[in-house]
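Chains F and R are the protein sequences, given in the same order. Just so you know, UniProt numbering puts 304 at position 304 of the first sequence, and the rest follows in order with no gaps. Just so you know, UniProt numbering puts 569 at position 569 of the second sequence, and the rest follows in order with no gaps.
The hints are simulated quantities; they were obtained by calculation from the structure and are not laboratory data. Check each hint, because a few of them may be wrong.
Chain copies aren't distinguished; within one or between two, either way the pair holds.
Unchecked claim - Below are the DMTMM-like pairs computed for lysine to aspartate or glutamate, each with C-alpha atoms no more than 25 Å apart in a straight line: (1) Lys136 - Asp586; (2) Lys37 - Glu343; (3) Lys43 - Glu629; (4) Lys584 - Asp421; (5) Lys257 - Glu624.
Here the structure is a predicted model, which means the values were calculated and not measured.
There are 2 protein chains.
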Amino acid sequence: MAESWSFLDTFESNFRPLVVVELAKGTKKETIEWFTKRIVDKKANGGAQLLVKPLVTEKGEENIYLVGASHLRLLLGAETVGLVKECNDNSMRTFTYSSRKTFRDFADDNHNFLTMAECQYIIKHELENLRAKDEKMIPGYPQAKLYPGKSIVRRLLTSGILVQIFPLHDREELKKLRHSWYGRVKVGYQPLDEIRCYFGETIALYFGFLEYFTFALVPMAVIGIPYYVFAWEDYDKYVMFATFNLLWSTVILEVWKRICAIVTYRWGTLLMKRQFEEPRPGFHGVLGINPVTGREEPVYSSIKRQIRIYLVSLPFVCLCLYFSLYVMMIYFDLEQWALDYHEENESNFSSLMLFVPSIIYAVVIEIMNRIYRYAAEFLTSWGKKVVYSSSLNTNNKYFYLQFNFLNCFASLFYIAFVLFDMKLLRQSLATLLITSQILNQFAESLLPYWLQKRHKKRMKKRMSSLKTDTDLTLVEQINLEKEMGTYFGTFDDYLELFLQFGYVSLFSCVYPLAAVFAVLNNITEIYSDALKMCRVYKRPFAEPTANIGVWQLAFETMSVISVVTNCILIGMSPQVNALFPDSKMDLILTVALVEHLLLAIKFIMAFVIPDKPRDIQIKLAKLEFESLEALKQQIFLLTISVLTNDSIESGGDHKR
Amino acid sequence: MAESWSFLDTFESNFRPLVVVELAKGTKKETIEWFTKRIVDKKANGGAQLLVKPLVTEKGEENIYLVGASHLRLLLGAETVGLVKECNDNSMRTFTYSSRKTFRDFADDNHNFLTMAECQYIIKHELENLRAKDEKMIPGYPQAKLYPGKSIVRRLLTSGILVQIFPLHDREELKKLRHSWYGRVKVGYQPLDEIRCYFGETIALYFGFLEYFTFALVPMAVIGIPYYVFAWEDYDKYVMFATFNLLWSTVILEVWKRICAIVTYRWGTLLMKRQFEEPRPGFHGVLGINPVTGREEPVYSSIKRQIRIYLVSLPFVCLCLYFSLYVMMIYFDLEQWALDYHEENESNFSSLMLFVPSIIYAVVIEIMNRIYRYAAEFLTSWGKKVVYSSSLNTNNKYFYLQFNFLNCFASLFYIAFVLFDMKLLRQSLATLLITSQILNQFAESLLPYWLQKRHKKRMKKRMSSLKTDTDLTLVEQINLEKEMGTYFGTFDDYLELFLQFGYVSLFSCVYPLAAVFAVLNNITEIYSDALKMCRVYKRPFAEPTANIGVWQLAFETMSVISVVTNCILIGMSPQVNALFPDSKMDLILTVALVEHLLLAIKFIMAFVIPDKPRDIQIKLAKLEFESLEALKQQIFLLTISVLTNDSIESGGDHKR
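All chains should be built: construct the whole structure from the sequences, respecting the hints.
Written as structure tokens, this is what we have:
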């Protein structure tokens with residue numbers, strides 16, 4: 001059976017499989033025929049004009065299809081998705097097929113002009129934009145209704161006919177990438193450009209941010225170490241450390257915006273216009289006219305969404321919060337119990353026991369976060385039968401973020417500002433931070449890696465061949481990859497960093513060592529995340545992005561909150577209290593004054609530091625200038641034609 | 001002599017005088033010839049291609065020239081300055097001559113397509129862009145050196161040869177505008193679109209803001225009245241008033257952004273690209289390449305400017321501040337003296353005497369502000385021989401703003417937060433507010449109006465004719481107008497509103513009646529400013545603008561500061577203190593908590609309310625979309641030509 005494939009390989013060598021489409025086993029023939037015809041059909045007929053080949057497995061089943069596209073088709077698709085590439089004059093421009101010759105490294109026979117990730121992104125975009133025309137239902141499945149303009153792929157997924165669509169790994173490229181990324185022991189930066197070529201901008205930008213953030217934490221960590229080593233307890237040193245931290249965190253967030261602009265300008269995504277894209281094809285809604293592009297596409301009912309949020313999501317979030325606070329109270333009881341135990345029978349064992357409640361609590365928090373997440377996903381998909389992608393929608397993401405924040409920090413806030421127990425705060429903070437880091441690394445990367453490895457071995461045994469990775473046939477590769485887990489985007493990874501930033505900055509003056517642990521964790525995080533991307537998950541589709549989006553705001557908000565918490569903490573410290581022996585009032589007023597000054601400095605700094613470096617600003621302005629000039633030019637051409645047509649009429653008018 | 005003009009009037013009726021150029025008396029003939037030749041000369045020869053006519057006065061002097069332009073020249077100029085006009089399909093587009101037919105109300109014989117203000121703006125732009133070519137000096141004045149690329153008009157102004165350039169009033173239009181603006185008693189909005197047509201966008205937007213701000217203050221004033229009438233002193237009512245004020249001020253500032261976007265979209269200035277304009281032609285600097293447009297133009301030395309700021313301006317500002325604080329101390333001495341006097345011999349007279357120090361102080365503040373301003377102007381122009389325009393440069397404006405702020409509010413802050421004297425604060429606030437308002441209205445509008453009227457009468461007497469305004473000949477009109485004062489932009493008007501906003505919001509919980517006075521003042525302010533614009537000053541050149549610029553930020557900052565001051569004031573009130581009889585600490589903590597909550601609400605509101613209404617957002621996105629599509633189109637055309645030229649070479653390449 002494998003011959004049928006190698007036959008294709010030899011005789012149609014221009015077909016390069018890029019994306020795998022897995023249908024349910026036993027899908028009706030007419031459905032398959034209709035679907036593949038739509039994929040192959042001409043654009044003019046409402047097709048995607050791509051190439052499709054069946055993959056015949058050893059069992060003779062025909063439920064996996066490989067999708068590719070001709071070089072020309074991919075170039076036209078690059079224009080459709082609005083890809084931005086570098087021109088011969090070093091400027092970045094939106095790619096168009098007609099202007100292809102002006103782009104760097106373009107040649108009609110250079111099939112590497114578009115990276116594989118870009119090709120796969122284009123194919124995904126084209127597949128998802130296959131829309132129902134006059135079909136009333138999916139052929140062969142009368143119960144699966146179709147409405148004009150709705151995404152076919154989405155409907156196939158929700159009705160369970162389509163199992164998944166995923167891009168293929170390029171084993172050669174992946175091996176190279178693995179080697180330069182984490183394959184050798186080295187000191188230096190990650191190969192961000194290579195990561196971007198292989199996994200797309202969103203993931204590369206995450207790794208860029210992770211790396212930047214780690215470097216940015218190093219000064220905090222370095223300054224934090226002596227506080228631990230010499231057990232400094234002077235208030236002035238703590239004030240200095242906290243002040244440095246607060247200003248530093250503002251600077252690093254502002255500088256990141258600049259670095260992000262530089263990097264995404266180089267990648268072309270800073271110039272990509274996302275607002276003109278058609279709405280997510282996986283989208284429920286009736287057809288309407290997009291007010292911007294004037295194209296017909298599904299529009300969005302905002303009121304319906306609002307109602308769902310307020311009637312379903314809000315009560316659910318409140319319930320979860322209540323539960324989370326209840327667990328926190330149990331934790332405090334446990335903590336008290338451990339303390340009593342330690343006081344009664346003091347020993348090495350009992351002092352270790354002091355950490356047990358925090359560790360248990362940290363584990364419970366992680367579990368609760370996951371339960372909340374699955375429940376939220378269930379609620380989102382509730383009434384929609386099947387979940388297309390397990391990633392949360394935007395609103396749920398906000399709720400999830402807030403829930404995580406409260407879940408992780410509620411106990412710390414309670415200890416700090418209700419119990420006023422700095423010793424317990426330090427101990428709890430340290431235990432929570434370290435436990436959650438270890439748990440995360442384990443749950444996110446190492447466990448799936450181990451599972452994946454075991455599965456691979458079993459697969460290979462079943463295929464009764466003991467080849468190495470690179471010797472696998474395409475069939476074997478696809479069979480391995482389709483069983484791999486799906487990577488649901490960078491949300492969880494950013495969330496982890498966000499919570500870590502909270503641990504480091506919110507109580508930085510109580511536990512300066514937090515930054516050290518954060519740096520250590522992030523160094524291993526880079527490697528475990530890289531491992532996760534390369535070995536554990538299916539290759540994700542590339543997603544162009546120009547910035548880290550809402551996370552920038554989230555980190556900035558956290559840094560504002562941390563100004564407030566740190567000022568209060570310092571104000572509460574006995575050393576500072578000793579400075580104001582007579583009047584608590586003066587103390588509080590001083591603290592409030594310092595806090596306002598710090599906040600003012602923060603805002604002025606954020607205002608003064610430009611978000612984009614000057615040369616990027618100039619390049620963007622230049623492009624805008626050109627595009628305005630071009631608009632004038634086009635109106636000019638338009639006018640010529642208008643004038644030519646009108647001249648007779650207007651001539652007549654004038655004579656009247 | 002007047003016949004020579006009427007001769008022109010009859011035989012060259014297409015020449016419409018728009019701008020007046022006044023040269024110094026006794027300017028050498030060759031200079032005049034050279035300058036008028038440059039104005040009339042073809043664009044290709046480095047001229048402005050405008051029309052010039054000498055105005056021969058009754059004394060036979062020839063030092064005033066009228067500048068006009070042909071209809072076609074103005075349309076081409078409109079394209080150069082990037083004017084945005086409404087198209088036939090109701091969208092706003094950048095005007096180009098080639099696409100002129102697509103614009104609403106365009107007809108080749110409709111000379112009202114461009115408003116007079118727009119025509120004058122175009123002529124001003126063209127005159128200021130007359131640049132020296134190979135001339136080494138101004139002909140006839142060997143000491144007035146010229147450098148290639150430097151503005152000729154600027155050089156003529158600095159060397160005193162050119163006295164002034166100003167646009168002519170249109171007496172018919174002005175009469176109409178006056179009538180609909182303030183000529184009849186009416187309740188309603190100002191004719192903003194007419195103001196914009198006559199005076200340009202910057203001035204119209206100021207009046208729009210003044211009107212909006214007055215309306216926005218009405219709710220505050222209405223709520224404030226009962227506090228005064230019933231002498232409410234309950235803390236909860238004050239808290240309510242202050243809270244309402246703080247949130248209201250956030251709302252009005254956010255809503256203004258939206259209204260501003262709507263208005264300037266209609267005027268076309270929201271779409272006008274200011275960053276691509278050539279630098280202010282009055283600009284010192286060497287020639288360089290503009291990185292955005294790629295055109296050769298004078299560039300700017302930033303370091304030189306920085307040094308000047310730090311070495312000259314900063315010490316000067318510090319000195320002024322010191323002086324201002326010194327005066328404040330004298331005021332407090334006076335205040336104390338008045339209080340002592342009142343206590344010693346209590347009478348009606350002595351209680352009136354209590355207000356005298358505040359009134360004197362208010363007058364002194366106004367005088368100091370003006371002295372500071374003239375000194376700052378002197379410093380700016382120092383080493384530059386002659387001041388071209390008396391308006392301050394940007395940096396000095398910032399300093400001036402801060403100086404005004406401190407000058408006006410330092411004493412109030414001192415009374416509130418050092419002396420803790422709420423009664424004095426209220427009295428001082430009221431006196432300062434009312435005195436400064438009266439002084440401003442008098443000094444800004446009424447005094448100049450009276451002077452202007454007197455001058456006009458004398459002029460008319462001298463011309464020994466007692467005609468009404470509309471019967472004046474052009475010569476007489478110009479002779480009247482050239483003696484009028486020059487309007488130096490909206491800075492002072494905005495500053496007045498800004499300080500008023502400070503009086504209203506910073507201490508709103510102490511003196512709720514401030515808003516009432518502000519509303520009353522603003523209603524008369526609209527009329528006196530309108531009078532000022534129409535009767536007192538020369539017509540100013542129109543200046544396109546899309547928003548109120550830095551004032552938005554200034555008002556927002558003021559509203560943040562007012563949250564802090566009001567929370568402190570409420571916290572200090574005896575009523576609130578009585579609520580926390582046992583612990584001052586609890587009081588302060590509560591106040592701090594409330595303050596943080598209010599600030600958080602403010603920022604969330606500012607974040608949640610979109611800056612532009614949805615339909616404007618869509619229109620802007622649409623335009624951007626079109627301009628990107630146009631860019632693609634242009635690259636396409638470019639490529640065609642490239643491909644045609646390259647086909648032979650590339651064909652050869654392929655064969656190899």
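Evaluated hints:
1. Within a single copy, lysine 136 and aspartate 586 get their C-alpha atoms no closer than 76 Å, and across copies no closer than 69 Å, so neither meets the 25 Å cut-off.
2. Within a single copy, lysine 37 and glutamate 343 get their C-alpha atoms no closer than 76 Å, and across copies no closer than 101 Å, so neither meets the 25 Å cut-off.
3. Taking identical chains as interchangeable, the C-alpha atoms of lysine 43 and glutamate 629 lie at most 25 Å apart only when they sit on different chains, with a minimum of 20 Å there against 32 Å within one chain.
4. In this homomeric assembly, lysine 584 and aspartate 421 come within 25 Å of each other (Cα to Cα) both inside a single copy, at 19 Å, and across copies, at 23 Å.
5. Taking identical chains as interchangeable, the C-alpha atoms of lysine 257 and glutamate 624 lie at most 25 Å apart whether they share a chain (21 Å) or sit on different chains (24 Å).
Taken one by one, the earlier hints fail for this structure at numbers 1 and 2, listed in ascending order.
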